[in-house]
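Sequences and hints are given; from them, build the entire structure.
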Amino acid sequence: MTRFPKFALAAALALATVACQDPVDKAAKARIFSPEDPPKVVASAAEKLPPEDVADNPRVARRILSMDSAEVTERLGPHAFKATVTYEWTGAPGTVPTKLTETRTFRAGPGGVSGDFHGVLENSRDQGLEVMRVGGKVYARNRYGTFRQRLRDRGMAERTRAELTGAIRDLDALFRGRLLLSPQGTVTHEGRTAWRYNVTLGPEGNTGTTPAVLPALSEPKGGRDDTTKRRLAFFENRTPKSLTGEVLVDAETSVVLKTRLDGRITVPANDAGGAAELRMVLESALSEIGQDPKLQPPENFLPDADKPQGIADALDRFGIPRNKPEGATPGAGAAQPSDEPADEEGN
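Oh and the sequence shown: position 88 is 88 in the numbering used here, straight run, nothing missing.
Fair warning: there could be bad hints in the mix.
[Unchecked claim] The calculated lysine-lysine pairs, modelled on DSS-like cross-linking and capped at a C-alpha distance of 30 Å, are:
hint : residue 1 : residue 2
1    : K82       : K137
2    : K294      : K40
3    : K48       : K82
4    : K82       : K40
5    : K29       : K40
[To be verified] Using C-beta positions, here's what the derived DEER-type ranges look like:
hint : residue 1 : residue 2 : range
6    : A305      : R143      : 17 to 23 Å
7    : N57       : R125      : 35 to 41 Å
8    : L180      : R125      : 31 to 37 Å
9    : L217      : R125      : 25 to 31 Å
10   : G94       : A305      : 47 to 53 Å
11   : A92       : S218      : 28 to 34 Å
Rather than coming from a laboratory, the hints here were simulated on the basis of the structure.
No residue lacks a Cβ here, since even glycine has one placed at the ideal position from N, Cα and C.
Structure, rendered in structure tokens:
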């Protein structure tokens, strides 16, 4: 080996030694090879939220009322949840009221945020959905459909879990965070001590949350359609008028155990439509606390399947031949009629 290659090798080793001692590199290595942080919800569940402070501390009140189902499971363990939500719209005199009733049921197994669960949503218009996560595998269907396994779930089950159990959070948001809770002592629910609060409509003001700063809405070139105008008019102009009920909060875990709320929201006449009123009634309760539901996957389900990427692919899937140019021959991979029924989920 000549002198020059020896010198180059020595220089490279010296540079490598210096690089290994660089504090930035050391910090990067420590970050890369450090244990993975637990899910955020686990840290949230460890936060102490004194239920006796709900009436005097808007931040604690909003935090408890908006608690996600994953955090509830981390704090409380296995449980069952059932809620009935009724919406009734009334408009100008002479118009027909519109009423919809939703029934939401949810069962959480052991394992915290990563455990098994089963949720069902049904309404009075014969619509609904059902989602299960058992052993890390997800199955879903519409109300009268067949379960389909969702290997590429991408968080759909977790979103459905949060939506099914978030009725009190949604009602609080519709009433602009104006749920005012007044302590009424303690009671017993499902063998647990709970703080009982009367609920009334509070004044406008501090809700204990920081308003989100959102970018301006993009306007469509042709203007908004009538349905979108009515929805935006409701959210922008809604005015809570009344609210009564009660909420029970677990003394040990600060989880809402039972809810009964009845409120009304009015919308003044505007360019999108006439004056209207929404009455919303919520009744919910947790039960079977600490009991393992021993969830099992559905006995019959369809396998996961790709969606056709276009019209031609959809025709191939159902065995409808394409129009080929004159003289062309079908490819070796031409699709055959599929025995598998179409995806019944509608999504």
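List, from low to high, the hint numbers that the structure doesn't satisfy.
-> Per hint list: zero violations.
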